[in-house]
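Engineer: Letter by letter, the chains look like this.
There are 2 protein chains.
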Amino acid sequence: MRNLEEFKILSQCNETRARATQFITQHGSVETPVFMPVGTLGTVKSVSPEELKAAGVQIILGNTYHLYLRPGLDVIELFSGLHKFMGWEGPILTDSGGFQIFSLAKLVTLSDEGVIFRSHIDGSKHLLSPEKTIDLQNRIGADLIMCLDNCLPYPISKDKAEEGVAMTTSWARRCKSVWEIQKKNALFGIVQGGAFNDLRKRSVDELAEIGFSGYAVGGLSVGEPKECLLDAAGYTLEQLPKDSPKYVMGVGAPEDILELVSLGADMFDCVLPTRNARNGSLFTSFGTINICNAAFKQDIQPLDPECNCYTCKNYSRAYLRHLYMAKELLAYRLNTIHNISYYSSLMKRIREAISNGVFLSFKKNFYDLRKCDNGL
Amino acid sequence: MRNLEEFKILSQCNETRARATQFITQHGSVETPVFMPVGTLGTVKSVSPEELKAAGVQIILGNTYHLYLRPGLDVIELFSGLHKFMGWEGPILTDSGGFQIFSLAKLVTLSDEGVIFRSHIDGSKHLLSPEKTIDLQNRIGADLIMCLDNCLPYPISKDKAEEGVAMTTSWARRCKSVWEIQKKNALFGIVQGGAFNDLRKRSVDELAEIGFSGYAVGGLSVGEPKECLLDAAGYTLEQLPKDSPKYVMGVGAPEDILELVSLGADMFDCVLPTRNARNGSLFTSFGTINICNAAFKQDIQPLDPECNCYTCKNYSRAYLRHLYMAKELLAYRLNTIHNISYYSSLMKRIREAISNGVFLSFKKNFYDLRKCDNGL
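Protein chains in written order, with our numbering: chain D, -7 to 368; chain R, -7 to 368.
Please note that a few of the clues may not be correct.
Chain copies aren't distinguished; within one or between two, either way the pair holds.
DMTMM-like, lysine to aspartate or glutamate: derived pairs with alpha carbons at most 20 Å apart [as the list claims (entries may be wrong)]:
1. Lys193 x Glu344
2. Lys98 x Glu81
3. Lys234 x Asp127
4. Lys37 x Glu320
5. Lys234 x Asp197
6. Lys319 x Asp151
FYI, nobody ran anything at the bench for these hints, they're computed from the structure.
These figures come from a predicted structure and were not determined experimentally.
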């Protein structure tokens, strides 16, 4: 997707702004709406690349900040990039590292050049700039890369939010300039502006003026109420150019995804399915269950009889509960395979519903089924 | 292997007592010398049944004590046994639970009936008797089961060792009696006697008189020096009936296995390959390496270029080191797959060397290669 032409809208919902699209990367095509599991350190925790593929995963996300610190770009470059290093042959999107620096790193200093921070691992001092994040992401060999943005907390004053937008635009321009030298991949701009629609609009306009392969809605999932998230995302998605993929960063409960798809979002990432799996919280067609529940002790059924994943085809709730209670390593893996498969299957059914013109009834049915959340 | 007739000696080394044999269980045949990975709680830690099979594993071991406490026999019986509960279709051997009671449980009291102990998990009180261990192992559905024995520490006085042998014989007789009602599987007797050859001889004779499908050398790997282990095992193996499988319990460094095979042992189990894997200690054709070693940071080679396992075929030392340093769950799994594959491959090459009449030169070559232990 070096060129915007490679992005195609396949189908558009009549009643909502939901759409099914497709774009092509150097490592294969991606059909949207799509969910990208998070593979922070060159591995989606506990599962193998083959298992990701079997679980229906199209594209994964890598974290530039984490990979830069460990194992370091010198190591990844020996393998010509992250794909060969970790054995994943599909597309990879990397973030800019900015979000992690503001949330994980210590002693963050903003300057004209970029952000100076200390590693959360060993306290060593580093600089991240717009130029540097593009260089790092190019060296990681990601297919889709992100501009450095100024991701601000919630709540925030309008003045601060305005400063953030200005800095984000200026950094985006610098990212685009250095990206243009190689055009190795597709570059996404990130919209900021907090909960202020006029600032969101300004951010969208300034980024669209610079021109990117795709656009992300940033600054969400930073502690704001759910309505606020949906309002800001909904407004921003509507303003964004229609002929590019729209990515809502870091949002990921199944219900949120369904709402954001209705508002026009194409791409998602979130640690929710993988982190929850490791905490024993599992997504099913009939609601979320906790595998620790004593009701599962003697339950010979698969986790979700509707699910075709490796875990549901081969193991029982009783076995999964036993593994989890005993803190067996296999528990984390089987749970993760299931949750990732649940997400892949949900996104596939969303795409099909949009294509078949039945998205609204799919959405209603989804909520009806998930309502029996406390059935177990 | 309900009947001893199903045991066949395929090949016998001329220079040593090494032999290649085969026996048949309800879940398939086993070729010896064989190594059985330990699957304490209904899972060989971190790996799936499919991965065990791909790693060349013929038979696994389950721990009755652990399975009795968690998930409990009521759960396992819902699946008609451990095979279906955990999804492993090959043969399973279970121990009697005696060893764990003496090493893990609290407040152990010996009585005529059996052993009273408190669970290491919740302190609950339980009785294990010869009759009960056979019942438990039958209910687990194991293919090969073990008598309850009195496993004593090292060093120990001759009087105590003699008492231990007497109790072991008496328990073995009771195990055999209750086993004969169903004859659901193959029952092994366990030789005790500490470091005293006359007691070992007495134990062998008394067990052989009762008659079992196979015989195990017990009471080893309890803190005795290596020579003492090899002396006691060597003497005992020589005394045991030749027309039955001989199992040396809980011993498992590659070099120990090679020596014990030379002394006539057919079967082995040990936590070494799996536990070491989780500690980053990996077996290779050129010695044991620790994956943390900084020398591997930029090493793009497979762990062991001679190895055909999933880990060595798909990943580099640099990636394995990165995963391990970052404490990623995939590290434990990839390391375990490799170590188990190493053991399977070692046992296969031992069997082939015996069959081809070249066991002694194989053994010499093995030591020569493993000498470069500190090469990395």
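Engineer: Please go over all the hints and tell whether each is borne out by the structure.
Structural biologist: Taking the hints in turn, this is what the structure says about them:
1. Lys193 x Glu344: neither (31 Å within a copy, 73 Å between copies)
2. Lys98 x Glu81: neither (34 Å within a copy, 51 Å between copies)
3. Lys234 x Asp127: Result: close neither inside a copy nor across copies, 28 Å intra and 69 Å inter.
4. Lys37 x Glu320: Answer is both; intra-copy 15 Å and inter-copy 7 Å each pass.
5. Lys234 x Asp197: within (13 Å within a copy, 86 Å between copies)
6. Lys319 x Asp151: Close neither inside one copy (49 Å) nor across copies (42 Å); limit 20 Å.
Consistency with the previously given hints fails for numbers 1, 2, 3, 6, ordered from lowest to highest.
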